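Student: Here the protein sequences line up with chains A and B, keeping their order.
Counting along the first sequence from 1, when you hit position 78 you're at 59 in our numbering, and nothing is skipped either side.
Position in the second sequence counted from 1, then plus 3, gives you our numbering.
Please keep in mind that the hints were generated in silico from the structure rather than gathered at the bench.
Every value quoted in this text rests on a predicted model; they were computed, and no experiment measured them.
Glycine included, each C-beta is placed from N, C-alpha and C at the ideal position.
Among these hints, one or two may not hold up.
[Unchecked claim] In silico lysine-lysine, DSSO-like type, Cα no more than 30 Å apart, as pairs:
| id | chain 1 | residue 1 | chain 2 | residue 2 |
| --- | --- | --- | --- | --- |
| 1 | A | Lys70 | A | Lys21 |
| 2 | A | Lys73 | A | Lys(-11) |
| 3 | B | Lys395 | A | Lys70 |
| 4 | B | Lys229 | B | Lys280 |
| 5 | A | Lys(-11) | A | Lys24 |
| 6 | B | Lys395 | A | Lys73 |
[Claimed, not checked] Simulated restraints, written as ranges between beta carbons of each label pair:
| id | chain 1 | residue 1 | chain 2 | residue 2 | range |
| --- | --- | --- | --- | --- | --- |
| 7 | B | Ser24 | A | Gly87 | 50 to 56 Å |
| 8 | B | Glu205 | A | Gly87 | 56 to 62 Å |
| 9 | B | Arg95 | A | Ala65 | 32 to 38 Å |
| 10 | B | Glu205 | A | Met45 | 40 to 46 Å |
| 11 | B | Glu205 | A | Val9 | 24 to 30 Å |
| 12 | B | Trp89 | A | Lys10 | 56 to 62 Å |
| 13 | A | Arg2 | B | Val189 | 30 to 36 Å |
| 14 | A | Lys70 | B | Phe23 | 36 to 42 Å |
| 15 | A | Gly122 | B | Gly239 | 54 to 60 Å |
| 16 | A | Gln97 | B | Thr401 | 36 to 42 Å |
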Amino acid sequence: MVISKYMKHKVVSIPVTSTIREAAAVFVKNHVGLLPVLDKNDKPIGVLGLRGLLTLELPDFVNMIADLDFVHDFGAVETTRPSAEMLGKSVKTLMEPVITVEEGTGLLRAYALMLQHNLHDIPVVSKDGKLTGIASRVDIGIAILSAWEEVV
Amino acid sequence: MNIAAILSSLIFIVSLVFIFSEKINRSIAGIAGAVFMVGVGRILGFYSEEAALEVIDFNTLGLLLGMMILVAMLEPTGFFQYIAVWAARASRGKPVRLFVLLGSITTILSMFLDNVTTVVLIAPVTILICEILGISPLPYLMAEALLSDTGGVATLVGDPPNVLIGSAAGFSFVDFLVYSLPIVAVAWVATLVLLRFLFRNELSKRPHNAEAVMSLNPTESLDQPKVARRILIVLGVAILLFFVHHTLHISPAFIAVSAAAVGLIWVQPDIQELFRKVEWSVLIFFAALFVMVGGLEAAGVLGSIVGLMERLSSIPPIWFGVSLIWIVAVLSAVIDNVPITIALIPVIRGLGVAGMDVDPLWWALAFGAGFGGNGTIIGSTANIIVATLSEKTRSPITSQLWIRRGLPVMLLTCAIASLLYAIFYRWF
Chain A
-18 MVISKYMKHK
-8 VVSIPVTSTI
2 REAAAVFVKN
12 HVGLLPVLDK
22 NDKPIGVLGL
32 RGLLTLELPD
42 FVNMIADLDF
52 VHDFGAVETT
62 RPSAEMLGKS
72 VKTLMEPVIT
82 VEEGTGLLRA
92 YALMLQHNLH
102 DIPVVSKDGK
112 LTGIASRVDI
122 GIAILSAWEE
132 VV
Chain B
4 MNIAAILSSL
14 IFIVSLVFIF
24 SEKINRSIAG
34 IAGAVFMVGV
44 GRILGFYSEE
54 AALEVIDFNT
64 LGLLLGMMIL
74 VAMLEPTGFF
84 QYIAVWAARA
94 SRGKPVRLFV
104 LLGSITTILS
114 MFLDNVTTVV
124 LIAPVTILIC
134 EILGISPLPY
144 LMAEALLSDT
154 GGVATLVGDP
164 PNVLIGSAAG
174 FSFVDFLVYS
184 LPIVAVAWVA
194 TLVLLRFLFR
204 NELSKRPHNA
214 EAVMSLNPTE
224 SLDQPKVARR
234 ILIVLGVAIL
244 LFFVHHTLHI
254 SPAFIAVSAA
264 AVGLIWVQPD
274 IQELFRKVEW
284 SVLIFFAALF
294 VMVGGLEAAG
304 VLGSIVGLME
314 RLSSIPPIWF
324 GVSLIWIVAV
334 LSAVIDNVPI
344 TIALIPVIRG
354 LGVAGMDVDP
364 LWWALAFGAG
374 FGGNGTIIGS
384 TANIIVATLS
394 EKTRSPITSQ
404 LWIRRGLPVM
414 LLTCAIASLL
424 YAIFYRWF
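Could you put together the complete structure from these sequences and hints?
Tutor: In structure tokens:
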């Protein structure tokens, strides 16, 4: 059970030269939660998460107050948008380090890595480091579970 | 100058340089300096371990420890959050009203509780309130830092220099209310008026989401109402006892530690977790400073300084006191006011022994150390904490901003203190 058999082959990614505004448009168009960021040789050099983009809009107090139950209306923050200057910045400012697995990686190893690093999707690369697919926790989990049917 | 005096001064100065340059953690620098002082003192015969233990003011340490334990128990209850949310609702989202309420709450809380804890707990809720109103948190955060330092000057337990001075001079809680509180009250109002003027542009912006503030629920913001009630009762009784400690002949330290004991028994918190919140490093830093300054005194250094200052006795006492306010204030603006206070205490005591009327000088020291910290962004721990917190937001407080908005407050409050001090000098 290797990951290349169960991963999605069509991966939406962005070049490292993109701006945050361009990245956001790719997220919206493809309805995905993670974008691998590729260098000019198609090798992933980082990832851009939906969460990373949303921190631009999240108010500062969210990280300072332990229990937000008493705040029923976020008021002005609800309509705040990142500045045009911010959106024009390179994706490198929000990019996080990428953790990849090779195509021949076993499913359980891939799943364990995702658990340890708290990832929802993991990019898969060929032996020469080029992006060839992406697998989600659901893809991997369902593949593992489907093998249980063989247990008698 | 003999060799003991030269070496002990050198140890003290080198330790201070390390403490203020923040190259080494101040408690580590303090412990190392204290050990050096005792070691050299033993070799040269001017200081000993017994003498070092004797100079540690356990009244100061006990009072600080007791109050720290009580505040550590109050902290997780959400009481501070509750108060700030109440202020936000009472202001109905009107900036100036919110500014006065939050500033005044910080002043009053810091009269009885540690300034740093007060701002650490009030500032995040302030940022929350400002963000949902869509206004800049800067005026509010700066007012809280400046007023927590100002409020602390009012009482015996308000800030560490007062605890030290109260203990050294034998001033009671009521003495502080009689001599210091009135001056602080004027400084408090003056600070609000001055900041209102300096931040007039920010404070005149009308928030369009005032009703969002009304949806904040104070009851929900109070996480542990039962614990909060118990700690507040204990704190209230302790404060009442502070009023009469002189008449009852009990030390403020005994009251604070007893209150902490009663609180601990009544609430029975997870003690390990609670002790992690007590700032042991501060207590150790204080003890180390006492030991170092004790060494200086034993080596005769402070005696020489007293001798030098006595020659200045031709200066009229009022000018002497006012100069002390400003010298201590300027020093406190650039360096920590605790080492300054601990170092000046034996000097003032020495002047008293030499026959000078030192009561006014104790008050000058308290005003200078208290109001001086407002001068720069690093002048007090409360300032540093608020600035660090604001760096995590979209509108950070910079040192230039502090020079433009904080320094005028320090100058004004020191001027008010000097003026009232001079006018009412004969009552001090």
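Student: Does each hint fit the structure? Answer for all of them.
Tutor: Hint by hint, here is what the structure shows:
Proximity of Lys70(A) to Lys21(A) is assessed by CA-CA distance (about 19 Å); at most 30 Å being required, the pair is judged to hold. A distance of roughly 25 Å separates the Cα atoms of Lys73(A) and Lys(-11)(A); the hinted pair therefore holds under the 30 Å criterion. Under the criterion of a C-alpha separation no larger than 30 Å, the hint pairing Lys395(B) with Lys70(A) is consistent with the structure, at around 20 Å. Of the supplied pair hints, the one linking Lys229(B) and Lys280(B) holds, its CA atoms being roughly 20 Å apart against a limit of 30 Å.
Under the criterion of a C-alpha separation no larger than 30 Å, the hint pairing Lys(-11)(A) with Lys24(A) is consistent with the structure, at around 17 Å. Under the criterion of a C-alpha separation no larger than 30 Å, the hint pairing Lys395(B) with Lys73(A) is consistent with the structure, at around 20 Å. In this structure the hint that Ser24(B) and Gly87(A) lie 50 to 56 Å apart at CB holds, the actual value being about 54 Å. For the pair Glu205(B) and Gly87(A), the supplied restraint of 56 to 62 Å holds, since their beta-carbon distance comes to about 59 Å.
Separated by about 34 Å at the C-beta atoms, Arg95(B) and Ala65(A) satisfy the suggested range of 32 to 38 Å. The hint said 40 to 46 Å for the Cβ distance between Glu205(B) and Met45(A), and at roughly 21 Å that hint is violated. The hinted range of 24 to 30 Å is not satisfied by Glu205(B) and Val9(A), whose Cβ atoms lie roughly 35 Å apart. Between Trp89(B) and Lys10(A) the beta carbon distance is about 47 Å. The supplied range of 56 to 62 Å is therefore violated.
Taking the beta carbon of each, Arg2(A) and Val189(B) are about 54 Å apart, not inside 30 to 36 Å as hinted. Between Lys70(A) and Phe23(B), the C-beta spacing of about 38 Å keeps the proposed range 36 to 42 Å intact. Between Gly122(A) and Gly239(B), the C-beta spacing of about 56 Å keeps the proposed range 54 to 60 Å intact. Here the CB-CB span from Gln97(A) to Thr401(B) is close to 40 Å, well matched to the stated 36 to 42 Å.
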